[in-house]
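Enquirer: Listed here are the chains, written in short residue letters.
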Amino acid sequence: MGILSLGTLIAEIINFLVLLVLLRYLAYRPLAQMLEGRRRRISEAIAAADADREAAERMRQEYEAALVEGRREAQAAMERAEKMAQGRAQEILAEARAEAERLVRQAREDIGRERASAIRNMERQVAELSILVAARILGREIDESGHRQLIQDFVREATEVH
Amino acid sequence: MIPQHMWTLGFLTFNSKTLITTWATMAVVLVIAVAGTRGMSETSPRGLQNIMEFVVDFVNGFLKDLLDEPRGARLRELLVTLLLFLVVANLIGLLPGWGFIQGVNSPTADPNTAFALAALVFILIHFYGFRFRGFSGHAGSFFRPYVALYPVNALESITNPLTLAMRLFGNIFAGELLIDVFLNLFKVGTVGWLVSIPVQVFWLFFAAFIAVIQAFIFMMLTMNYVGTSMLPPGEH
Chain A
218 MGILSLGTLI AEIINFLVLL VLLRYLAYRP LAQMLEGRRR RISEAIAAAD
268 ADREAAERMR QEYEAALVEG RREAQAAMER AEKMAQGRAQ EILAEARAEA
318 ERLVRQARED IGRERASAIR NMERQVAELS ILVAARILGR EIDESGHRQL
368 IQDFVREATE VH
Chain B
2 MIPQHMWTLG FLTFNSKTLI TTWATMAVVL VIAVAGTRGM SETSPRGLQN
52 IMEFVVDFVN GFLKDLLDEP RGARLRELLV TLLLFLVVAN LIGLLPGWGF
102 IQGVNSPTAD PNTAFALAAL VFILIHFYGF RFRGFSGHAG SFFRPYVALY
152 PVNALESITN PLTLAMRLFG NIFAGELLID VFLNLFKVGT VGWLVSIPVQ
202 VFWLFFAAFI AVIQAFIFMM LTMNYVGTSM LPPGEH
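These protein sequences, in sequence, are chains A and B. The first sequence: position 39 = 256 (this note's numbering), numbered continuously. The second sequence: position 18 = 19 (this note's numbering), numbered continuously.
Isolated chain B (complex conformation) (with noise of 0.2 Å):
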């Protein structure tokens, strides 16, 4: 595994493996979703066309049994892009080839990834809380159901998206380091190489699996969180 090399801006750093990564995923979900949505049939929709409407009608599906239409639509983009960028960034690390950065890759495998889009949903949650709640409705909730619940409630309202981005940066550092674990195991000779071989071929399956199990939990629990917080207290 080699350390990211630090890119530096006044002063701030920046994980320049990360960065990398992150672009290349923009890239490929550009490029699907782009060519997914280039001369569209209303008829017959044929190829990149039908991932996109599957991905949008799959998004929506969920999204209908949280929210009314007027607070459905303003989440639907978000989600969607949140489920295209997470499949693509959680599964992008698993493929050989990126050389001087081999072992862990995904930029979700970054913590900084994981919190970056963790706090995009904490600033969601308050921000439409305080839209659709109101003020004193947003903050009331911190005492529903019982004014005793606040620590709790106040604690979850942290735990919530930390958890999210643990949990994302979790499974997917771990499944890549893994891959790096057992690629170093050729060093140790003929053995290592009989050992790594199937377990490669077995946990880099595994690997893309849990990535884009990853993807869908945290596409749904941001939904939840957010779509929770448009709703009024106690009606979820």
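This is chain A alone, in the form it adopts within the complex (with noise of 0.2 Å):
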């Protein structure tokens, strides 16, 4: 049972302050440290997270507009190169044409030619035929080179009936 004491009370609040005071400095102090060490290894490390977020999310956005950009240039590139394909089928094609027409407007002056050709020799066959029938039928000769003239008028007459 405690008797009211003054000097049990004044050494009672003297204790008391000496156990705060050895506390402050064997405990508290150090813990302090640590808790601000802990405090401030938190913070670096929530920062670091959020540095490594916003690189990742800048990355994405760059690898982003690679592709988007990678994408455009490939689509340029296949329309540059269609259109291209589409110029020289037109040119081959025109080239074709041209050649096909040359072709052709030679084949036709070469029948023209030949038909000339072939109508001459018809003429000159058919002016002798004409003078060897007409010599059987009137007996005697006829003189070839007197009536040429004469024949080749007639089987020309002859001729431009059809």
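The hints are simulated quantities; they were obtained by calculation from the structure and are not laboratory data. Beta carbons are placed, not taken as given, at the ideal position from N, Cα and C, and that holds for glycine. There could be a bad hint or two in this list.
[Stated by the list, open to error] Covered stretches of chain A, as calculated for chain B (at least 3 residues, CB under 8 Å): (1) 241–247; (2) 252–258; (3) 334–340.
[To be verified] Not everything, but these chain B residues come out facing chain A in the computed CB check (under 7 Å): (4) LEU13; (5) THR14; (6) THR19; (7) THR23; (8) MET27; (9) VAL32; (10) VAL35; (11) THR38; (12) MET41; (13) GLU43; (14) GLU78; (15) THR82; (16) ASN113; (17) THR114; (18) PHE116.
Two chains, two frames, some hints: make the complex.
Expert: Here's what the structure looks like:
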């Protein structure tokens, strides 16, 4: 049982203050330092995580932009190639058409020439034949050179009918 | 119950049992606190470090609700020390083995210890009151909210620390006095033994519970009284 005693009361106040001071230097200071260290470490870790996330986001955007750019370029290249191919096709077609026309024209010219020469040939042969036939019918030799002009005129008249 | 042996120094007398158990309490608190704050880990606390962190966090949690930072920092170490000291002081008397001083043993079962702490609280209330509110602010707080309430406020400034001490002393003293009574039952004989042992087991558990609760209440009320005196009057 405690008897009220001023000495004990004063001693207990001193005891408590001694404990407070001892704990301050032996326990609370290191504890506060540790807690401050932990606080700094956590805030650093959070800052680092934030920075990493930002960097990752920036990288993602860069890659996405590069992807879009690449896609756009590929599209453009394809379009360019297509346009070029179409141009080339037109060119080839035009060349082919020109070539064909040229061939047709040449063929027509050849045919015309052939036909003219064939007609000339035929006229000559018909004339000769006619002279021959006429000589046979008349029983005498027709002077070939003398009548040739006459016969040729006849043959021309005859051929002009058709 | 053996009366305290008195030490004398000049005209002052000291209760030897109270001082011995107080020093034992201080030693236990120091060992726990020092061991808990050596080789601490920032990332994975273990053992006693957890206890120290828990106590500091626990006090901080209440302190933050009452005071902003520059003010709260002035009370933190006091309140943590108070809580650690009182938990150990209230429990230490329950340990057997004090031998020559069986029965009422805790330093807080001596009213001198309780009043010493209450006197400290009283001094701090007015020290921080004058410091943070200014002289007229703190003196004026006795006339708030109405001048007519001065007697009540004045009385309260005495009764708050007084009841703080009496509550602590009463609870711990009564708890340990009852243990002493139960120990005395052994003298009655067989019936006394049969009654005493189960009651003691129950009461020891209950006294330990009360010891922790009283330490918490003392710490909380100290925080409230001293913390409030740091704030402008009428702002709490």
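Enquirer: For each hint, tell me whether it holds in the structure or not.
Expert: Verification of the hints:
1. 241–247: holds (count 5)
2. 252–258: holds (count 4)
3. 334–340: That given contact is violated, which follows from only 0 residues of the stretch 334–340 of chain A lying within Cβ reach (below 8 Å) of chain B.
4. LEU13: 3 Å, holds
5. THR14: 5 Å, holds
6. THR19: 6 Å, holds
7. THR23: Constraint on B:THR23 satisfied, holds at 5 Å.
8. MET27: With Cβ-Cβ at 5 Å, under 7 Å, it holds.
9. VAL32: 10 Å, violated
10. VAL35: This interface hint holds because 5 Å falls under the 7 Å limit.
11. THR38: Constraint on B:THR38 satisfied, holds at 5 Å.
12. MET41: 4 Å, holds
13. GLU43: Hint on B:GLU43: holds, closest Cβ of chain A at ~4 Å, below 7 Å.
14. GLU78: 5 Å, holds
15. THR82: Result: holds, 5 Å to nearest chain A Cβ.
16. ASN113: 4 Å, holds
17. THR114: 5 Å, holds
18. PHE116: 6 Å, holds
Checked against the numbered hints given earlier, this structure breaks hints 3 and 9; the rest are met.
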